[in-house]
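Trainee: Position 6, counted from 1, in the sequence shown is what this note's numbering calls 6; the numbers after and before it change by one each time, with no gaps.
Simulated from the structure, these hints should not be mistaken for laboratory data. Think of the CB as a built atom: it goes at the ideal place given N, C-alpha and C, for glycine as much as any other residue. One or more of the hints may lead you astray.
Computed spacing ranges between beta-carbons, pair by pair [said to hold, decoys possible]:
no., residue 1, residue 2, range
1, Leu16, Val67, 14 to 22 angstroms
2, Thr2, Asn36, 25 to 33 angstroms
3, Asn19, Gly51, 25 to 33 angstroms
4, Lys52, Asn19, 29 to 37 angstroms
5, Trp83, Gln14, 31 to 39 angstroms
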Amino acid sequence: MTVHGVFLESLIKQYLLINPQSIKLVAVDNYSVTMNNWQERHWLLVTKEDGKPITLRQHGPIRLIEVEYGDRDPANLRNFNDWIWMIKRIEVIK
Numbered sequence: 001m002t003v004h005g006v007f008l009e010s011l012i013k014q015y016l017l018i019n020p021q022s023i024k025l026v027a028v029d030n031y032s033v034t035m036n037n038w039q040e041r042h043w044l045l046v047t048k049e050d051g052k053p054i055t056l057r058q059h060g061p062i063r064l065i066e067v068e069y070g071d072r073d074p075a076n077l078r079n080f081n082d083w084i085w086m087i088k089r090i091e092v093i094k
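Start from the sequences, fold in the hints, and give me the full structure.
Mentor: As structure tokens, then:
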């Protein structure tokens with residue numbers, strides 16, 4: 001599987017005039033993740049798999065994943081507490 005998207009830091013840099021300390025990502029079911037010091041990791045907002053937009057059934061339309069896993073096994077999602085899918089909104093926490 002090949003994924004495509006935009007780096008979170010690129011999106012924020014392009015569309016915001018500030019570099020927020022914290023951001024909040026909200027999913028379609030209102031599940032949310034607040035990320036403090038989000039700049040410390042390299043995050044990818046995934047919008048496509050194998051060249052096709054990801055659907056809600058595939059946990060789309062947007063997923064947030066880390067680019068580098070370190071020594072963590074991606075098969076064990078408990079190692080990735082900040083991953084969130086079905087993202088509908090990104091908020092700046094002031």
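Trainee: Does each hint hold? Answer for all of them.
Mentor: Each hint, compared with the structure:
1. Leu16 x Val67: 14 to 22 angstroms: For valine 67 against leucine 16, whose Cβ atoms are near 21 angstroms apart, the range 14 to 22 angstroms holds.
2. Thr2 x Asn36: 25 to 33 angstroms: holds, 31 angstroms
3. Asn19 x Gly51: 25 to 33 angstroms: About 32 angstroms separates the Cβ atoms of asparagine 19 and glycine 51, which means 25 to 33 angstroms holds.
4. Lys52 x Asn19: 29 to 37 angstroms: holds, 33 angstroms
5. Trp83 x Gln14: 31 to 39 angstroms: At roughly 23 angstroms between Cβ atoms, glutamine 14 and tryptophan 83 fall outside 31 to 39 angstroms, so the hint is violated.
The structure fails hint 5 only (numbered hints given earlier).
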